[in-house]
Each structure stands twice: as C-alpha cells, then as structure tokens.
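Quick note, the working numbering runs 1 ahead of the 1-based positions in the sequence shown.
It is worth saying that the hints were derived from the structure and are not from the lab.
Treat the hints with care, since some could be wrong.
Dumping the calculated DSSO-like pairs for lysine-lysine here, alpha-carbon to alpha-carbon at most 27 Å [claimed, not checked]:
{"id": "1", "residue 1": "K115", "residue 2": "K39"}
{"id": "2", "residue 1": "K132", "residue 2": "K45"}
{"id": "3", "residue 1": "K39", "residue 2": "K132"}
{"id": "4", "residue 1": "K14", "residue 2": "K132"}
{"id": "5", "residue 1": "K39", "residue 2": "K130"}
{"id": "6", "residue 1": "K45", "residue 2": "K115"}
{"id": "7", "residue 1": "K45", "residue 2": "K130"}
Derived DEER-like restraints, expressed as beta-carbon distance ranges [unchecked claim]:
{"id": "8", "residue 1": "L97", "residue 2": "L30", "range": "51 to 61 Å"}
{"id": "9", "residue 1": "L65", "residue 2": "Q26", "range": "53 to 63 Å"}
{"id": "10", "residue 1": "A66", "residue 2": "P87", "range": "32 to 42 Å"}
{"id": "11", "residue 1": "I57", "residue 2": "A133", "range": "39 to 49 Å"}
{"id": "12", "residue 1": "N29", "residue 2": "A103", "range": "49 to 59 Å"}
{"id": "13", "residue 1": "V58", "residue 2": "L135", "range": "40 to 50 Å"}
{"id": "14", "residue 1": "I46", "residue 2": "L67", "range": "27 to 37 Å"}
{"id": "15", "residue 1": "A73", "residue 2": "A118", "range": "34 to 44 Å"}
{"id": "16", "residue 1": "L81", "residue 2": "R51", "range": "37 to 47 Å"}
{"id": "17", "residue 1": "L97", "residue 2": "T40", "range": "43 to 53 Å"}
{"id": "18", "residue 1": "F21", "residue 2": "A133", "range": "46 to 56 Å"}
{"id": "19", "residue 1": "V58", "residue 2": "I125", "range": "54 to 64 Å"}
{"id": "20", "residue 1": "A118", "residue 2": "P87", "range": "45 to 55 Å"}
Owing to the predicted nature of the structure, the values given are computational and were not obtained by experimental measurement.
Glycine included, C-beta positions come from ideal geometry on N, C-alpha and C.
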Amino acid sequence: MSPPDPNRPDADKTVGELVFEVSEQTSNLIREEIELAKTEVSEKIETLVRGSVVGIVAGVFAFLALILLMLAFAWGLNSLFFEGEPWAGFLIEGVLFILIAAGAGWFAYNSFEKTGAPVPTEAINEAQKTKALLTSGEEAE
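Please work from the sequences and hints to get the whole structure.
Written out as structure tokens, the structure is:
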C-alpha cells in the first residue's frame with residue numbers, strides 16, 4: 002500500500018488511508034515521547050554527576066584542610082589544658098569529629114532520600130495525556 006497523498010482532503014481519503022495516517026502519527030508520537038523521556042533522564046543524570054564531581058573535589062580539599070586543623074586543634078588543647086599529655090587533646094578532638102561526621106552523614110542520607118531516582122516526570126505526564134486522548138477520542142488538555 003502506498004502512503005496517502007497528504008494534500009488530498011480528508012473527505013476524499015479511504016478508510017485504509019485514514020487508518021494508515023493514524024497509525025503513522027501514533028508511531029511518530031510514541032517515538033517522540035520516548036525521545037523526550039531519554040532526554041529528560043539524561044539531563045537529570047548530567048546534573049547529578051556534575052554536582053557529585055564538584056562535591057567530591059570540595060570534599061578532598063576539605064579533608065586536606067581538616068588534617069591540618071585537627072593537628073593544630075589537638076596540639077592547642079594539649080598546650081592549654083593537658084601539658085605533657087598529648088593523647089588527651091587528640092581523644093577530645095576524635096570524639097568531636099566523630100559527632101560532626103555523624104551529623105554530616107545524616108544530612109547526606111536525607112539529601113539523597115529527598116532527591117530520589119531520576120524519573121522522567123514530564124514524559125510520563127505526556128504519555129498519560131496521549132493514552133487518555135487515544136482511549137477517549139477527545140482532546141487532552
């Protein structure tokens with residue numbers, strides 16, 4: 002069967018030609034919705050990867066600075082409160098940093114929990130509109 006002439010008015014087309022056009026347009030619509038879903042997910046993944054890389058770089062520099070600050074803090078505690086007993090300053094500092102790490106871990110867990118998986122919400126909404134249009138025969142808003 003040859004494709005119908007697009008310049009011919011709908012009233013002059015046969016049922017077969019009309020069915021062919023509807024089938025072709027439905028296929029195109031589904032392909033475009035799949036492409037929209039792919040694009041939407043890839044954009045969200047790119048954003049997550051970019052944010053993760055920047056976060057890792059920031060974490061490395063913060064870790065290096067933290068090493069220096071930890072040493073300075075422990076020796077400072079030793080010279081102020083525990084003359085000749087450096088282990089006490091390091092112990093207090095270790096407990097303090099464990100508490101900070103627990104708080105940061107809790108914050109990170111909550112951040113990932115709120116974000117969730119990258120879901121193509123726009124594509125899903127469009128697919129639901131298309132389904133409603135095809136099943137009811139009315140225009141979806």
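Structure-based check of each hint:
1. K115 / K39: holds, 22 Å
2. K132 / K45: Between K132 and K45 the Cα gap is close to 25 Å, so the pair holds against 27 Å.
3. K39 / K132: holds, 19 Å
4. K14 / K132: Roughly 26 Å between the alpha carbons, so the hint for K14 and K132 holds.
5. K39 / K130: Given that 27 Å is the threshold and the Cα spacing comes to 18 Å, the pair holds.
6. K45 / K115: holds, 15 Å
7. K45 / K130: holds, 22 Å
8. L97 / L30: 51 to 61 Å: Holds, at about 60 Å.
9. L65 / Q26: 53 to 63 Å: Distance hint for L65, Q26 holds at roughly 59 Å.
10. A66 / P87: 32 to 42 Å: violated, 21 Å
11. I57 / A133: 39 to 49 Å: The hinted range 39 to 49 Å holds for I57 and A133, with Cβ atoms some 44 Å apart.
12. N29 / A103: 49 to 59 Å: Given range 49 to 59 Å: holds, Cβ gap about 54 Å.
13. V58 / L135: 40 to 50 Å: holds, 48 Å
14. I46 / L67: 27 to 37 Å: Once the Cβ atoms are compared, 30 Å apart, the range 27 to 37 Å for L67 and I46 holds.
15. A73 / A118: 34 to 44 Å: holds, 42 Å
16. L81 / R51: 37 to 47 Å: holds, 44 Å
17. L97 / T40: 43 to 53 Å: Check passed, 47 Å falls within 43 to 53 Å.
18. F21 / A133: 46 to 56 Å: violated, 23 Å
19. V58 / I125: 54 to 64 Å: This hint is violated: roughly 34 Å between Cβ atoms.
20. A118 / P87: 45 to 55 Å: Because 48 Å falls inside the window, the suggested range holds.
Checked against the numbered hints above, the structure breaks hints 10, 18, 19 and satisfies the rest.
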